[in-house]
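> Please model the complete structure; the sequences and the hints are all you need to start from.
What follows is each chain in one-letter form.
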Amino acid sequence: MTKEKSNKKIDRREFLNNTFRFSLVVGIGGLGAVLAKNTLGTEMVWQLDAAKCVQCGRCATDCVLTPSAVKLIHVYDMCGYCDLCGGYFRPEAKDRSTAAENQLCPTSAIERKFIEEPFFEYHINADLCIGCAKCMKGCGSFGNGSMQIQVNHDLCVNCNECSIARVCPSDAYTRVPANDPYLFKGTSGQSMKI
Amino acid sequence: MKPKNILILSVILLLIVVGFMAGDFFFSKGPNQENPYEYDLTKQKEIDSSLICYQEISSIKPETDYLYGIATDENDNLYVAAIEKLFIYNSTGHLINTIQLKDNAYCLTVAPSGNIYLGMADHVEVWNKEGNQLQSWPGISDSSIITSIAVNETSVFVADAGNKVVFHFNLNGELQNKIGEKDTENGKLGFILPSAYFDLLIGRDNELWAVNPGIHQLESYRSNGEMITSWQRTSMQLDGFSGCCNPSHIAMLSDGSFVTSEKGIERVKIHLPTGDFKCVVASPDQFIAGTTDLDLAVDTKDRIYVSDPKKGLVRIFEKMNK
Numbered sequence: 317m318t319k320e321k322s323n324k325k326i327d328r329r330e331f332l333n334n335t336f337r338f339s340l341v342v343g344i345g346g347l348g349a350v351l352a353k354n355t356l357g358t359e360m361v362w363q364l365d366a367a368k369c370v371q372c373g374r375c376a377t378d379c380v381l382t383p384s385a386v387k388l389i390h391v392y393d394m395c396g397y398c399d400l401c402g403g404y405f406r407p408e409a410k411d412r413s414t415a416a417e418n419q420l421c422p423t424s425a426i427e428r429k430f431i432e433e434p435f436f437e438y439h440i441n442a443d444l445c446i447g448c449a450k451c452m453k454g455c456g457s458f459g460n461g462s463m464q465i466q467v468n469h470d471l472c473v474n475c476n477e478c479s480i481a482r483v484c485p486s487d488a489y490t491r492v493p494a495n496d497p498y499l500f501k502g503t504s505g506q507s508m509k510i
Numbered sequence: 387m388k389p390k391n392i393l394i395l396s397v398i399l400l401l402i403v404v405g406f407m408a409g410d411f412f413f414s415k416g417p418n419q420e421n422p423y424e425y426d427l428t429k430q431k432e433i434d435s436s437l438i439c440y441q442e443i444s445s446i447k448p449e450t451d452y453l454y455g456i457a458t459d460e461n462d463n464l465y466v467a468a469i470e471k472l473f474i475y476n477s478t479g480h481l482i483n484t485i486q487l488k489d490n491a492y493c494l495t496v497a498p499s500g501n502i503y504l505g506m507a508d509h510v511e512v513w514n515k516e517g518n519q520l521q522s523w524p525g526i527s528d529s530s531i532i533t534s535i536a537v538n539e540t541s542v543f544v545a546d547a548g549n550k551v552v553f554h555f556n557l558n559g560e561l562q563n564k565i566g567e568k569d570t571e572n573g574k575l576g577f578i579l580p581s582a583y584f585d586l587l588i589g590r591d592n593e594l595w596a597v598n599p600g601i602h603q604l605e606s607y608r609s610n611g612e613m614i615t616s617w618q619r620t621s622m623q624l625d626g627f628s629g630c631c632n633p634s635h636i637a638m639l640s641d642g643s644f645v646t647s648e649k650g651i652e653r654v655k656i657h658l659p660t661g662d663f664k665c666v667v668a669s670p671d672q673f674i675a676g677t678t679d680l681d682l683a684v685d686t687k688d689r690i691y692v693s694d695p696k697k698g699l700v701r702i703f704e705k706m707n708k
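Chains A and B supply the protein sequences, listed in that same order. Going by the numbering used here, the first sequence opens with residue 317, and the numbers climb by one from there. Going by the numbering used here, the second sequence opens with residue 387, and the numbers climb by one from there.
No false leads were slipped in.
Here are some, though not all, of the chain B residues that point toward chain A, as calculated from beta-carbon distances under 10 Å:
| no. | residue |
| --- | --- |
| 1 | Ile578 |
| 2 | Ile601 |
| 3 | Gly629 |
| 4 | Ile651 |
Honestly, the hints are just simulated from the structure, not real lab data. The structure displayed is predicted, hence computed values, not measured ones. Think of the CB as a built atom: it goes at the ideal place given N, C-alpha and C, for glycine as much as any other residue.
Printed below as a string of structure tokens:
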């Protein structure tokens, strides 16, 4: 009886061999699973839902990058090409000139260009944009809401825990598939829908 | 120092560090942090009380989740277009009829004959006050978005924001002509309509008034499409209109002054027939921020009716005795 018991005991060498084999199997299996997931699965990235945005300014101040990876994107399909654009001019602007004191954008990232009477086009200089969404609020209040901030994935480092998402008061940040990474408010022609 | 004390001190220091880290993680830069990039309209929404010339006297709350439009008739009955329903109230605010519709009417008006003209998404329906459908006109076009109807003794004018034009029909629904078409060769801009705000009314001389909201202009036309006159007030201040689509709605008082409502800055004002600002009917602080679709109607006593979809009310304003 005592002999049988002692025969079942595993010696140190065998234990180490078993452990090594088990680790090897788990390691190779895990690596395979990760590779399969990366190959077959969809990569997820951070994006903010423009419809939920409340223009709190945190996208400009809380991104780990400076300036923020959040940038304004102009949805031209929705734009009214307004002369008195709520996203371009400060509410207290004295006239409709491109003078800095009339501009709403704190970094003058929006360029205004005359197209034809009475239409003006607004182009976003992404290098200057800090993602403060001030223009988005102005455009949404007075216009069609064609100016919308989004996470620019050429810049975003895709943190595990997005520092903006952590403080976003409207929970506008969500994970979206990298192959469909934008969450615009409205679509083509939306502004004309009743 | 004894090892025990060193241990206690270390634990205390560790707890302090953990406390700071937790505080930084959970409490610093909280959601209520002041926004250095605040879009502030406080100044624009402030109204000098001496400029307010109307006061709210009562309101009506229709049984619906959204109000699309309102109109009055010559007996001061109030008509409210809501979700698949048309409510009719008498001049004292009592509900006298509810008409069930097959779809939403987004705008409406009452003809001198008493018939009710409803602007559905792409076509016009004619009903009487008793709830009988008299006519249903064919759809204008696939791109039509009917935003307003104005009717006089002989004509029905339909504002179509999708086609950016006013269609002139006779009372039988036969198209007579189009009004306000873009004609760049002759310097006519046409109606600038970045969104579906395009209101009409019939003036005191049976002329058509149409808002050209993209350029903050009111334009009057003869029924043959010839423009009579216009006035424009583009301004971020109280004396004019700003943004893409203002004034969003209009109505006319008995002296020919215009009642206007806006999106962006929620307010109702009166402009003189010349277009000059006269006074304020309802200031922004009387509305929930972000309220739009403030449709307007005026009764024979020059009381002003304002539909307030966010509060679900038709609000009634009367001239203040100053």
